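Line by line, the protein sequences give chains A and B. Residues in the first sequence are numbered from 1 upward in steps of one, following this note's numbering. Residues in the second sequence are numbered from 403 upward in steps of one, following this note's numbering.
One or more of the hints may lead you astray.
[Claimed, not checked] Here are some, though not all, of the chain B residues that point toward chain A, as calculated from beta-carbon distances under 7 Å:
no.	residue
1	R420
2	V443
3	E444
4	F447
What the hints contain is simulated information worked out from the structure, not anything from laboratory work. Note that the structure is predicted; figures quoted are calculated from it, not measured. The beta-carbon is built from N, C-alpha and C at its ideal position, and this holds for glycine as well.
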Amino acid sequence: MRRVVITGVGAICALGRNALEFGESLRQGRSGIGPIQSADTTQLRFRNGAEVSGYCHQPYFDDRKADFIDRFAQFAVIAAREAVEGSGIVWTPELRETAAIVTGSCVGGQSTEDIGFRDVYKMGLNRVHPLTIPKTMANAGASHISIEFGITGPSFTFSTACSSAGHAIGQAYWMVRSGITDFAISGGSEAPFSFGILKAWEAMRVVSPETCRPFSKDRRGMVLGEGAAMLVLEPLEAALARGARIHAEIVGFGMSADACHITQPSAEGAARAMRAALRDGALAPEQIGYINAHGTGTAANDVSETTAIKAVFGEHAARLPVSSTKSMHGHALGAAAALECLATVLALRDGVLPPTANYSVPDPECDLDVIPNQAREAQVEYAISNSFAFGGLNAVLALRRY
Amino acid sequence: MSDDLIQRVLKTMAASKRIPLESVTIDSEFQQLGIDSMDAVEILFALENEFDITIPDDEVRKVRNVRQMCEGVEKLVAAKEAAKAGQ
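Okay, chain A solo, but in the shape it has when bound (with noise of 0.2 Å):
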């Protein structure tokens, strides 16, 4: 088996237009938290979510191709073209051949879908955009980037919920690892705010009123985010052969479903899936030094989570640092996994451990070190990222810094 290291990085989200930036508001705990611009907010509970502020298609793209694709997708390629850019690669016919494309989406374009259906449902209007199809698919994100780059080997994309991301990342590494491709672009990508979405949420009664506080007592709730985060994976070698810049390396994927509920979290589910991603990385839960927490800020989540870290970890769990960067990039649903993953590689490579921002009240319930509202410098050697969806499907990375 072959070692996997991400070799290029991009991001856009509530915290940045791309990677770097994204990393400087992390390190501040400066949370992107704040009203929702883009869907009017007048008839929802709740007012708050992680936009990315101000977002225009251009200087992305053309009128002409924003037309053929939705915010969500746009999202996925702008952080496609930082990874690729930053990992230096040169393309050749070979390479656009058999590089692969897995990206996670939750909700895909059902934006563009809520406009075509409110013209239908409730305009009377007797026809829909003939875009509204190919704009909402959920595969979108991975078909531009594909368009994009010219690449023409695998590329599909996984919609596990808030898990998507989480998924495609795990494929695509293990799909570099056996050998199946020497080139992966993976992440995910999301853009929830439209009226329609942000109903459904809110009847689900976890939306924050105020603002996300993970594993604080007084926490309300989760709030939405939206944006992209994308990685360039590649095996070791051939990143040191070509004097690539490493990130950091992927040393495990672990994954399980719980069985139980479709809702309602389950501690066993997700200890079997972080237990999975050390047993894939052939790691001891000592080894573990930050976990980049699912930590949704919700009454259930963040106890549940807690349960469960204590579960596999032991005594280990009262000496691990565990934050929440929901608290600042808001949950991007299927992008969450991609832009914690991202969070997790940066703090392994730069030193610093993202905090949990808007922490007010410790709860017994959650007494882990959350590394409350300060970023903390730590050369940390291995960490992992939870992410546990909607359905009880469940995914974790363990990272390693390079």
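Put chain B on the given structure of chain A with help from the hints.
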């Protein structure tokens, strides 16, 4: 065909494809304008909205240029007017 109808078709096509109005003429072939199959369905959507008509799939398959498109639209508009007058 009325000039007004032709101008409305040209304008609708140019706006939909996001190309300069001057580049579209009654004698333009779709191929010359770079109109692919997806562009074409978008233009049909825009024309249906502009003229409040429904363009049947079968009629559309034979259309290859702007003149044929204008003729088709004219026919459908006339049919709509006749139906209205007959009511």
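To see whether the hints hold, each was checked on the structure:
1. Checking B/R420 against chain A: minimum C-beta separation of about 4 Å stays under 7 Å; hint holds.
2. The interface hint given for B/V443 is met, as the beta carbon of that residue sits about 4 Å from the closest beta carbon of chain A, less than 7 Å.
3. Because the closest C-beta pair between B/E444 and chain A is about 5 Å apart, less than 7 Å, the hint holds.
4. Taking 7 Å as the C-beta cut-off, the interface hint given for B/F447 holds, the closest approach to chain A being about 5 Å.
Violated hints for the displayed structure: none, as all numbered hints are satisfied.
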